[in-house]
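A.B. asks: Note that the protein sequences, when read in sequence, are chains X and V. Per my numbering: the first sequence = residues 2 to 199. Per my numbering: the second sequence = residues 2 to 238.
These are computed hints drawn from the structure, not numbers from a lab. Positions of the beta carbon are idealized from the N, C-alpha and C atoms, including for glycine. Be aware that one or more of the hints could be misleading.
Unchecked claim - Pairwise CB distance ranges, derived in the manner of DEER restraints:
#  : chain 1 : residue 1 : chain 2 : residue 2 : range
1  : V       : 233       : X       : 145       : 15 to 25 Å
2  : V       : 223       : X       : 192       : 51 to 61 Å
3  : V       : 190       : X       : 145       : 36 to 46 Å
4  : V       : 174       : X       : 22        : 52 to 62 Å
5  : X       : 161       : V       : 221       : 35 to 45 Å
6  : V       : 157       : X       : 26        : 48 to 58 Å
7  : X       : 45        : V       : 157       : 16 to 26 Å
8  : X       : 36        : V       : 157       : 24 to 34 Å
9  : V       : 231       : X       : 36        : 30 to 40 Å
10 : V       : 101       : X       : 36        : 24 to 34 Å
11 : X       : 2         : V       : 154       : 19 to 29 Å
12 : X       : 22        : V       : 124       : 49 to 59 Å
13 : X       : 45        : V       : 223       : 47 to 57 Å
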Amino acid sequence: MSAVLGTYYNINKDGGSGGDILTFEAEESYMGRVARQLDDAVVTGDSGDECTIHVSQQGHEFVEFDENLNNFALTAIPYDETYASFDIISNSKYLSFVMDNEDLMKPHYSIGVLIVDEDLDGTYTDTYQLDANDTIEIVGDPGQNGYYRVRLRIDFDANDSSSDISGSLVVTGWSGTGSNKTLEVKLKHLHVMNIVHT
Amino acid sequence: MGQAKSIGWLDVTPSEGTGQGRLTYTAREANNGRNPRTKVSEVTGDGGDVCDVTATQSGRLLYVYFDPNQYSTPNSGGTVVITGHTNALTLTFAESADTDNILTIDPSGFKASTDGGATWSGNYITNGNGPANDPGGTQDWMFKIVATVASTTGTTDSVARLRVTASDGVGTQATSASGTNPDATITRYGAEGFTQVGEKSNGPWSNDVQIALGWQQGSTNEVYVNSNEHWEVTIDG
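Excised from the complex, chain X in its bound form (with noise of 0.2 Å):
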């Protein structure tokens, strides 16, 4: 007995006769946030008794690196760089920018532009500029069937203190169904190196 393959999912079997299972597996994975319906499965038996398994595949919510473009779970910033930029990868309606250490970081760093590349085609859009601390409601909310990817810039006062200054990055993302994802970006801005005079 052969296999139904079909566009989002396959059938392990086409046919059979008497009682049976039928088992159904997703083809890839669906990155929205709002259940999507699939084609119908239609099941004839010879009598002409015909019958229908609506299939859907469910949504879910996540904020996640980009592992495409070079994040790092720890971004190590030298002590005069002025920004640090990596994409994350989210679904979520609403995304949220807390700095945990801002009491160590502030003022020395600002949220700066915030883009979105909505197709994923590599051409970001929708810019944002953020305060410290901000709420982004992404436009359109290309996330209820789909994900999106946002640069995030973060610039900071070069750090020409002794010592290295650490913080996190919290980004929430929301969609106003009481559930929410995290990501949390660890940052160490690092001190001025001594220099040698010779």
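Dock chain V against the given chain X, drawing on the hints supplied.
C.D. replies: Chain V alone, transformed into the frame defined by chain X:
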């Protein structure tokens, strides 16, 4: 020409005459028994002379046949009473075909009737034996045997066949399965086909269900099919 005179199964014509004459003897009834039978008629003259004429009718060759020879049950099966006629001394029943094992012959045996089925022997006659006093020696007698047909939920018809072999006890046998006296055919009709689906192995069943797959590639879910027939699966779109 005088009228015929009946002596049991024998007619004699004429019943009287004068002078020279010719008597015609006619068997009014068939002799279905295996054994020949005789009747003696007397020709009595007015002078007191009495002449005996013995007429002998041959017996019928050993025979047995099912009547009717076609039986059927619905898919739920049930009891089938199979009847026939014979002039045998003994009868032996056996299945000649039962691929799907639908048939169970009553192990108690069969019963006999010498009055055309109006009354039946009280006791069972075990397979391979015959009724008391060998009625087949002198007449046709009926047999009946009960078979139980098993039920099925399948949609395919099933056929079983029952064969009967008659014996006269002295080496002659007759059997069904000949062209004019076939084996009894018992047909169990298949069930009406149906196909249903459900989310659990024990139902409830319907023709419309909703399932959800997890968001991840490779996530699975199951649908149970409840059916007694062949079915096929397609995806719309």
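A.B. asks: Now tell me, hint by hint, if it's right for this structure.
C.D. replies: Now for the hints, and whether the structure bears them out:
At about 35 Å, the beta-carbon gap between residue 233 of chain V and residue 145 of chain X misses the expected band of 15 to 25 Å. Checked against the given bound of 51 to 61 Å, the beta carbons of residue 223 of chain V and residue 192 of chain X, roughly 59 Å apart, stay inside it. Between residue 190 of chain V and residue 145 of chain X the beta carbons are some 55 Å apart, a value that contradicts the proposed interval 36 to 46 Å. Checked against the hint of 52 to 62 Å, the C-beta distance between residue 174 of chain V and residue 22 of chain X comes to roughly 55 Å, which is consistent with it.
Range check, residue 161 of chain X to residue 221 of chain V: Cβ separation about 57 Å, and the 35 to 45 Å hint is violated. Taking the beta carbon of each, residue 157 of chain V and residue 26 of chain X are about 33 Å apart, not inside 48 to 58 Å as hinted. For the hinted restraint 16 to 26 Å between residue 45 of chain X and residue 157 of chain V, the CB-CB distance of approximately 19 Å keeps it satisfied. Distance hint check: the CB atoms of residue 36 of chain X and residue 157 of chain V are about 42 Å apart, inconsistent with the given range 24 to 34 Å.
A hinted range of 30 to 40 Å holds for the C-beta pair residue 231 of chain V and residue 36 of chain X, which are about 33 Å apart. With their beta carbons about 48 Å apart, residue 101 of chain V and residue 36 of chain X fall outside the hinted range of 24 to 34 Å. As the Cβ distance of residue 2 of chain X to residue 154 of chain V is approximately 21 Å, the hint placing it in 19 to 29 Å holds. As the Cβ distance of residue 22 of chain X to residue 124 of chain V is approximately 54 Å, the hint placing it in 49 to 59 Å holds.
In this structure, residue 45 of chain X and residue 223 of chain V break the distance hint of 47 to 57 Å, their C-beta atoms being roughly 19 Å apart.
Figure legend: structure checked against the earlier numbered hints; hints not met, in rising order: 1, 3, 5, 6, 8, 10 and 13.
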